[in-house]
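> Residue strings, one per chain:
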Amino acid sequence: MIGYLTLILLCQLCGEVAVGALGLPVPGPVLGMAFLFAFLLIRGQVPDDLSTTADGLLRNMSLLFVPAGTGVIMHVKLLSDALVPLSLAVAISTSAAIVVTALMMRLLSKETPDE
Amino acid sequence: MNSLAETWVYLSASPLFHLTLTLAAFQAASFVFEKGGRNPLLNPVLGAVALVVAVLVLTGTDYGTYFQGAQFVHFLLGPATVALAIPLYRQWHRVRESALAIIASMLSGSLAAIVTAVGVLWLTGSSSALLASIAPKSVTAPVAMAIAEELGGLPSLTAVLVIVSGIFGAMFGPMLLNLVGVKDWRARGLAIGTASHGIGTARALQVNETAGAFSGLAMGLNAMATALLLPVLWGLFF
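If you read the sequences in order, they're chains A and B.
Taken in order, the first sequence gives residues 1 to 115; the numbers are from my numbering.
Taken in order, the second sequence gives residues 1001 to 1238; the numbers are from my numbering.
So here's chain A without its partners, still in its complex pose:
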């Protein structure tokens, strides 16, 4: 368990270092995801203990956004000044992105039955 937590942190660390050193346009953890993915491809399967460790993180991922979300209190003035246009823009744009992506995917890919 601790071994695989170390592996996850190591992937993130390598990601952060590579992003910093090469000036890549992705965040360190996203590159870290690519590194862990490469490890799994080489390994050819997901070790049980890694699966247990990762599931604990992923099942509760929503919680992890609460501290960042609370940052909204620093922008109360700015947000209330432009509340209507900003709300409209977020609502319309997020909806548009969801609908366009999903419809394009349906158009371009063959439906496969879910497993």
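Don't take each hint at face value.
[Claimed, not checked] Only pairs whose alpha carbons sit at most 16 Å apart, straight line, appear in this in silico EDC-like list of lysine to aspartate or glutamate:
no.	chain 1	residue 1	chain 2	residue 2
1	A	Lys110	B	Glu1097
2	B	Lys1183	B	Glu1209
3	A	Lys77	B	Glu1209
What the hints contain is simulated information worked out from the structure, not anything from laboratory work.
Given chain A, work out where chain B should sit, using these hints.
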């Protein structure tokens, strides 16, 4: 009374109180979400943020003090993002067989997000700093903030818009997808991840592993695509 005040001074200076507050608020918000039949309007991230904000305002605590405790939770976002490699690996055969469709759909959605967000603010006569702040709002926060800065926006405002877009997509995305009749979990996950990054992905993972894997993939791809393409697009128009 005096000792109570002393206890409060001690507690508010230690990270324990705000860490506990964050977890308790999320527990309470999740309880309400479950009791309310998983009604999307009771989104637990939104509920927990509202509870924490209420406590901070009532106790006159600033965000920096709160974050000293909350940072331990915030830190885990990095490892959780890395862990998304596992659902992605489990779905890899399905990703590979439709790789081109995935990239084309993600790019269309990414472009739709940018054009509509900037378009609405432009039509309502907002400042160019606001336009630049909202343009990257569908991308995961660290990337979105860096892009906003490059375009002349306000990175900290971008962070808020990113979070709000995430919560909005997690709340209303499933409803919208039902409305347009998309049932394929791959398309649903891809759509949520493109529009609502990690917050959407967290929600997708709770519903279906395929959707979660495709959502995490879309989040990563969109971060890369927006970081590379948005500054170029921006140069053409502004």
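> All hints, please: hold or fail.
We went through each hint and held it up to the structure:
1. Lys110/A / Glu1097/B: Within the cut-off at roughly 10 Å; holds.
2. Lys1183/B / Glu1209/B: Distance ~14 Å between Lys1183/B and Glu1209/B Cα, so the pair holds.
3. Lys77/A / Glu1209/B: 40 Å, violated
Against the hints set out earlier in the document, a violation occurs for number 3 only.
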